[in-house]
Amino acid sequence: MSAATSPGDFRRPDTLALAHMWVAFSLFAVGTLLGLYQLLERAGMVPASARTYYGSMTLHGVVEAFVLTTFFIVGFGYFVTATSLGRAVRWPRLAWIGFGTMLLGTVVAALSIVSGNASVLYTFYPPQIAHWTFYAGAALLLVGSIPWIVITLAMQVRWKKENPGRPIPLSQFGMASCAILWAWTMVGVVVEVVFQLLPASIGLTQTIDVGLARALFAWTLHPIVYFWLIPAYVGLYTIVPKAAGGYLFSDEMGRIVFVMLLVFSLPIGLHHVFVDPEQAAGWKLAHALGTFLVALPTLLTGFTVTASLETAGRLRGGRNLFGWIRTLPWGEPVALGGILAVVTLLPGGFGGLVNASYAMDAMVHNTQWITAHFHLIFGGTAVTVYFAIAYYLWPRLTGRALYSRRMAAAQLWLWFSGMLALTLPWHYLGILWMPRRIAWAPFDPQIVARWRPYSLAMLVGGTMLVLSGLMFVANLLLTHRNRNAAADREMVYAETMEPVVSVPALLNGFTTWNWLLVVLMAMAWAYPIGQFFFMDVHKTLVWGVK
Amino acid sequence: MHIHPLEKRWAAISLLLVGTLGGLIVYTAVAMSIHPPSNVEAIDSTRLHLTPEFSEENLGVKREKDGTVVARVVMARFMVVPHEITVPAGVPIVLRVATPDVVHGLHVAGTNIGTQVVPGYVSQVRTTIDFASVARIGVRNADGSVTVPLFCNEFCGLGHQSMWGRVIVTPK
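Going down the list, the protein sequences come from chains L and U. Per this note's numbering, the very first residue in the first sequence carries number 216; after that it's consecutive. Per this note's numbering, the very first residue in the second sequence carries number 2; after that it's consecutive.
Chain L on its own, in the form it takes in the complex:
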């Protein structure tokens, strides 16, 4: 790994990173409040209103899934690239233009949603069409992240040229895989927005090819989850072991995992339309098998991160088979966040395997099971690591000591238990056929009565999550204003158990993997997307949302 870097070593992008992350985390807190409102509305504790409910749900989804993630990842990404490669961000003005574009897009889309003109939810399935400002805002958010992709890769290419034969630091290797994945990922939704949704929302077209739109969105819908997850894995591999006082178990396995995440998560999006009538069974089965492959890097990560934590526990005096667990630094927020995130991966990954199981998906498709699954894997695992990373970075970025370690640890436990209290009953409600995304439940009382106790448990979980989210933001804010200076501002990454002297070219760059992706994506999507251009397609009329 690279040597430690302090703010003065070169123009470290501390402000750039902070600006991105503050947007991410302040909107994240607003988003959790919306989530609680939705739970209260469904429990009948606030006046029922479909208009407010679906508007709130659209904003909640857009804020947590698109705004929190993109801003956090881009900000964290600049910081990781600069500190791993030991140089200033290239083209800093371009980076700030990207930030401004993303922010503008966020504001435009948020206003569009709040005005009630865009209640199409964050998945915006046509032929329901929102006001054009919604798509324009979303497009700006996407476009604003492109400078980050360019800068991340340009800096890596230049570093490689100047350091021939040296392995790229794992932290940078992971963020580069994330940037490349993001470029591939956005193609589907960008084509859908530019060629289908924007023309329909402006009124240029009155009809839309829904099958094509669903295929293009499915292209994006799976890898986008890994765009959110890879930075969390970068944190688990390169920051958490250090904070826990241990060593990274294996650098090479980390590289293999990042390559796998990139290559496997892209050509499998059809599993989001397993029960759609416009795609054939054979293609769905092919994508289902690919979906199982993407479980591999996560299984490997679970092992490597646990093994790295074990080195920390043993260095701290842990003995015997499980004794090291007790001696882990449970009061250290960064380590604790990593531990809880890995624990959350277990039920989250299990649910994912059920969803991936082809015909079995029909049992849980679009029920609360699905909502539970992605809250657990995204809100549980990914966001918990985002918290841990923030606790690690805030003193380094602001130069102020973390306001309260105890509050941070309490916040993480509260988030962990709240997420379980929310999602475990939610999974069960899904098995009891409760549909997702309903403002209330006007069904036969027998079935509604069966759901009630679990709905109440969710309410408890949701309240815990809101409290935890506010504690998190408060702690960051108080850190920022803390009179006590941080002990040190050096950015250090975890060291590997055995030093990495050289790695094969395949694990030190992405050219070959990109070519492989060209082939795999053509195999996976040429027919499922291409069929709409030669089969007998009937376009359908566009529908408004009010």
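The reader is advised that the hints may include incorrect statements.
Distance condition first, Cα-Cα at most 16 angstroms in a straight line; then the derived EDC-like pairs of lysine to aspartate or glutamate [unchecked claim]:
hint, chain 1, residue 1, chain 2, residue 2
1, L, K457, L, E710
2, U, K173, U, D131
3, L, K754, U, D45
4, L, K457, L, E713
5, L, K457, L, D703
6, L, K754, U, E42
Hints listed in this document are in silico derivations from the structure and should not be mistaken for laboratory results.
Once you have looked at the hints, place chain U on chain L.
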């Protein structure tokens, strides 16, 4: 480049796990013909009411000439037409569903009937309803049949939650 022996062993276990699960899926698909609904059958949804199959008098449950029971349903914002269908348990049935407007989802409690309903396409589900399963969660009627709800489970507009119907299942 070195990979720890423990890591190699874990990688092998992971591969075995993933391979077993994938193998099971392929086995149930190929040998037992268990697939999600995927018939890829186009229909002009803007003229749905004019197509003979989904015209009003043809909706509901019919026994075809070859003896199969076919239920035809239209899902439109925000209703299920007909609102109530009666199907027998224990015999193979076919559900054919279409929509004149936006994307809907159809999910029948107590059964494995679940499909997206996409404008421009006919969704088709072939299944056999297990009476014991619906009896566990449904409402028992005086004649011995059981009523279970049928939900729209894809967001289809501000009235989405009000879009549901009933399936009455008669014992074999």
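Quick rundown of the hints versus the structure:
Using a Cα cut-off of 16 angstroms, the hinted pair K457 of chain L and E710 of chain L holds, with the two alpha carbons roughly 7 angstroms apart. The hinted pair formed by K173 of chain U and D131 of chain U meets the criterion: a straight-line CA distance of about 10 angstroms does not exceed 16 angstroms. As the CA atoms of K754 of chain L and D45 of chain U are separated by approximately 8 angstroms, the hinted pair is consistent with the 16 angstroms bound. Under the criterion of a C-alpha separation no larger than 16 angstroms, the hint pairing K457 of chain L with E713 of chain L is consistent with the structure, at around 15 angstroms.
For the given pair, K457 of chain L sits about 15 angstroms from D703 of chain L by alpha-carbon distance, which is consistent with the 16 angstroms threshold. The suggested pairing of K754 of chain L with E42 of chain U holds, with an alpha-carbon distance near 14 angstroms, which does not exceed 16 angstroms.
Violated hints for the displayed structure: none, as all numbered hints are satisfied.
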